[in-house]
Amino acid sequence: MAKEKIYSAIDLGSQTVRAAIGRLLEDGSLEVIGYGTASSEGIIKGRVEDANAAQEAVKKAVLAAENDVKARATFRMEEVIASVTGSIITGEQEVTTVSNNTRDGVIGEKVLTDIDAAFEDLFTHKDRKPIHIYVTEYSVDGVRETNQASILEMKGEKIGAKGFGIVGDTAILDKFAETLNNAGHTVDIFCFDAVADGYSVLTPEQRQIGSLVINAGAGSTDFAFWKNGIIQFIGSFPVGGDHITNDLALGLNMPFKAAEELKCQYDKNEMEVRVGGKLYKTRSVDTIVQARTEETVRYIADQIKQNGMLSQIQGGIFLTGNAARSSFISYMRREFSTLDVRNAYPIIPTEAEVSDSEEIGRLFSPYYGNKFQTDSGSSTILGMLVYAAKEDLRPSKKSSSGIFKFFNLL
Amino acid sequence: MKDNKLLIKVIGVGGCGCNTVSNIEKQYAGTLGDNFEFYGVDTDFISLANQSVTHKVQIGSSGIGTAKDPMKGAEAAQKSINEIKSMIQGVDIAILCAGLSGGTGSGATGVIAQAAAGNPGCVVMASVTLPFYYDDSKKQEAAKVALKNIKEVVPVVLPIQNGVGIEDENVPFLEVLRATDKNVISLLEMIKVITSSASTVSLDFSEFLSVASTPGNAMIGIGEADGEQAVSVAISLARSPKNMSYGDYSLKDASKMALVIMGNGTISYKQIKDARTTLQNEIGYQTEVFNGLYVNNELEKVKVIMFATGMNDPKEISAPVFQTEMTVAGPGDQVEMGFLAADEGYFKGTAPAYFEGINYDRPTFLRKNLRIEQ
Numbered sequence: 347m348a349k350e351k352i353y354s355a356i357d358l359g360s361q362t363v364r365a366a367i368g369r370l371l372e373d374g375s376l377e378v379i380g381y382g383t384a385s386s387e388g389i390i391k392g393r394v395e396d397a398n399a400a401q402e403a404v405k406k407a408v409l410a411a412e413n414d415v416k417a418r419a420t421f422r423m424e425e426v427i428a429s430v431t432g433s434i435i436t437g438e439q440e441v442t443t444v445s446n447n448t449r450d451g452v453i454g455e456k457v458l459t460d461i462d463a464a465f466e467d468l469f470t471h472k473d474r475k476p477i478h479i480y481v482t483e484y485s486v487d488g489v490r491e492t493n494q495a496s497i498l499e500m501k502g503e504k505i506g507a508k509g510f511g512i513v514g515d516t517a518i519l520d521k522f523a524e525t526l527n528n529a530g531h532t533v534d535i536f537c538f539d540a541v542a543d544g545y546s547v548l549t550p551e552q553r554q555i556g557s558l559v560i561n562a563g564a565g566s567t568d569f570a571f572w573k574n575g576i577i578q579f580i581g582s583f584p585v586g587g588d589h590i591t592n593d594l595a596l597g598l599n600m601p602f603k604a605a606e607e608l609k610c611q612y613d614k615n616e617m618e619v620r621v622g623g624k625l626y627k628t629r630s631v632d633t634i635v636q637a638r639t640e641e642t643v644r645y646i647a648d649q650i651k652q653n654g655m656l657s658q659i660q661g662g663i664f665l666t667g668n669a670a671r672s673s674f675i676s677y678m679r680r681e682f683s684t685l686d687v688r689n690a691y692p693i694i695p696t697e698a699e700v701s702d703s704e705e706i707g708r709l710f711s712p713y714y715g716n717k718f719q720t721d722s723g724s725s726t727i728l729g730m731l732v733y734a735a736k737e738d739l740r741p742s743k744k745s746s747s748g749i750f751k752f753f754n755l756l
Numbered sequence: 057m058k059d060n061k062l063l064i065k066v067i068g069v070g071g072c073g074c075n076t077v078s079n080i081e082k083q084y085a086g087t088l089g090d091n092f093e094f095y096g097v098d099t100d101f102i103s104l105a106n107q108s109v110t111h112k113v114q115i116g117s118s119g120i121g122t123a124k125d126p127m128k129g130a131e132a133a134q135k136s137i138n139e140i141k142s143m144i145q146g147v148d149i150a151i152l153c154a155g156l157s158g159g160t161g162s163g164a165t166g167v168i169a170q171a172a173a174g175n176p177g178c179v180v181m182a183s184v185t186l187p188f189y190y191d192d193s194k195k196q197e198a199a200k201v202a203l204k205n206i207k208e209v210v211p212v213v214l215p216i217q218n219g220v221g222i223e224d225e226n227v228p229f230l231e232v233l234r235a236t237d238k239n240v241i242s243l244l245e246m247i248k249v250i251t252s253s254a255s256t257v258s259l260d261f262s263e264f265l266s267v268a269s270t271p272g273n274a275m276i277g278i279g280e281a282d283g284e285q286a287v288s289v290a291i292s293l294a295r296s297p298k299n300m301s302y303g304d305y306s307l308k309d310a311s312k313m314a315l316v317i318m319g320n321g322t323i324s325y326k327q328i329k330d331a332r333t334t335l336q337n338e339i340g341y342q343t344e345v346f347n348g349l350y351v352n353n354e355l356e357k358v359k360v361i362m363f364a365t366g367m368n369d370p371k372e373i374s375a376p377v378f379q380t381e382m383t384v385a386g387p388g389d390q391v392e393m394g395f396l397a398a399d400e401g402y403f404k405g406t407a408p409a410y411f412e413g414i415n416y417d418r419p420t421f422l423r424k425n426l427r428i429e430q
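As they're listed, the protein sequences go chains A and B. Residues in the first sequence are numbered consecutively from 347, following the working numbering. Residues in the second sequence are numbered consecutively from 57, following the working numbering.
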């Protein structure tokens, strides 16, 4: 009987609820052993609007994921990592300084832990709390150092750090936790969807050289910029696929569900599209969809340019979620003609490729074959599993709770 | 809009309306700028001649007034329809001011409103003054009928009752009469701020128009405060009954609201957040609030102007004569598509997706006025 770490994740999306279970092996690879989905109910624009409906959707997705595991073992998802979207989070920057009190003056792990604790305090507000904290820069006695590894074993007294925090609305996070709790799960940590995507669709090199991940969900369009292996900038535009559907419903005077069908079916090359026995002019549909999409792309483009990221995107722009399933990419390519813009899917190497890498949380899924490589919607939930494993094994991580317990698998 | 310049005409109709406009022009024209023009329209030649307002239009042929008969007021306006059309040509916003105790204001206002609405894209609003509580029942009844008629052609009506909100009854009588001018002054100040001031969080002019085009009863109020809770206090003052235009409709019934917050650079996120959260909790999330923050470091106090529209279900009105059924205004011709219907759809009842002052739950094609073929 081998001891293995098991991570459970729930992605409570506005359109789909996903549940996944991952097993971290001793070589650092992460096997997806359970996966389930259900149509989302009661979640609108990334917020819980009907807790009972949301709980039922969670139960369905979780049951499907657990049943997959049951084929080989008995497992219950209890402590989970849960996703949040950009509609409830903000990005903040802070700086801090800690003292190194070792006798020999050599900087050790304790300094890193102290810096984490200092940022934890700085990013905790009366009504908001940190979801992710990244230390983007260090200094030792006033001399700038670029990364964590370079300061360890150096000598110094005052260690400065610049931090980037992704901070969420406490009340809304608590409502998420309560909803999942009522469905039988304890939320151990939250994860911003665009951050999770970066762990599943980007290679370590892409996270290093500068890559932008854009997740167009049903309720919002979120993005995260990676460089030097960490998040440097995040953003969110409060418009998602549901807004396009709602625009169609209002503009063409049709039910929301029919509008969703229309959105998925319409083809620009056809003059008309038939939904529910009624014909709609493609030109009208396109006018509505185009207005929303262009507005969203324009906002993201402005953010990228205003925050000086354009010249830093060496790895490309990666589209996930609905963005990878719609005409979003053509608008993005028009806006960023000099950059590599592509639809992105979870990177699931073959077993042979996995063994060649030392990256912790390398995904593989023999049980599911090629299922995830073509499912852009699964990038968040799989990335959450990777994130959980990386956080668990982070050297300066404080003693783990809940989610990082050991489980025995038969 | 002439030469891309916004044109707002403030038009006083009848003796009371002309007094209001003359007074406002005298006191505020210098600070408002050249986007604003002031007109007086009256049937009474002598009364109009005595007004100080820059532009004067005499309507009808008698030159002797209407003897408080609204029918005569309407007929006079119809007779002078060419002069009226020429007056309102090219106007983007027409703000009509009238007292509903006489014949010209009560009768001619609707005719002028209809003519203004004939300008494509023109938004028409009316600020009307109702009789004092102690006025006789004939006057009250006539005002009630006039208000009903005006509401049928003017989508946004700001009614204010003479004597409402006066705390010290020993003030000079003329001051009480001038107190009713505050609706128009507040409205003009809001338009001026939105169209000419650099903002931190912008209240787009098209958003103001969407508020100003939402049919129903309207309210406008101003509040000013300083201190740690300046924003919250200023909002409370702006929405307190004595500072609101009529005070008898509930803000909870408002469909839309434009909220302008002015202050210096020390206004904190917390101040804005606390004030907005309190306001939204009190009025409910069904009211679509468009807010703008205008930072001017010369301001010592925080000033808030609140303009709410679409209140179609008024509570009982305190003046006894008005405790009868109120007529709800229908959509006027000039209202652009999308400013009338509920445009929340699937998102109805959820917290609006406000971002940088814009509610992105509202369809883009509506905000951009794109025409959709059915």
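Keep in mind that the hints are not guaranteed to be accurate.
What the hints assert, rightly or not - DSS-like cross-link-like pairs, simulated, lysine-lysine; straight-line CA separation at most 27 angstroms:
1. B:424 / A:475
2. B:329 / A:624
3. B:424 / A:521
4. A:508 / B:135
5. A:627 / B:424
6. A:521 / B:326
Stated by the list, open to error - Which stretches of chain B does chain A cover? Using the computed rule of at least three CB atoms under 8 angstroms from a CB of chain A, they are:
7. 132-138
8. 402-408
Keep in mind that the hints were calculated from the coordinates and are not lab data. Backbone N, C-alpha and C fix where the C-beta goes; we use that ideal spot for every residue, glycine too.
Now the hints, each set against the structure:
Only pairs whose Cα atoms come within 27 angstroms are accepted, and residue 424 (chain B) paired with residue 475 (chain A) is rejected, the gap being roughly 37 angstroms. For a cut-off of 27 angstroms, the pair hint linking residue 329 (chain B) to residue 624 (chain A) is broken: about 46 angstroms separates their Cα positions. For the proposed pair residue 424 (chain B) and residue 521 (chain A), the alpha carbon gap of about 35 angstroms is over 27 angstroms, so the pair is violated. With a C-alpha separation of about 75 angstroms, the suggested pair residue 508 (chain A) and residue 135 (chain B) falls outside the 27 angstroms cut-off, and the hint is violated.
With a C-alpha separation of about 20 angstroms, the suggested pairing of residue 627 (chain A) with residue 424 (chain B) holds against the 27 angstroms cut-off. As the CA atoms of residue 521 (chain A) and residue 326 (chain B) are separated by approximately 22 angstroms, the hinted pair is consistent with the 27 angstroms bound. Only when three residues or more bring their CB closer than 8 angstroms to a CB of chain A does the claim for the region 132-138 of chain B stand; here the count is 0, and the claim is violated. Only residues whose C-beta sits within less than 8 angstroms of a C-beta in chain A count toward coverage, and the region 402-408 of chain B has 5 of them, enough to reach three; the restraint holds.
In summary, the structure is inconsistent with hints 1, 2, 3, 4, 7 from the numbered list given earlier, while agreeing with the others.
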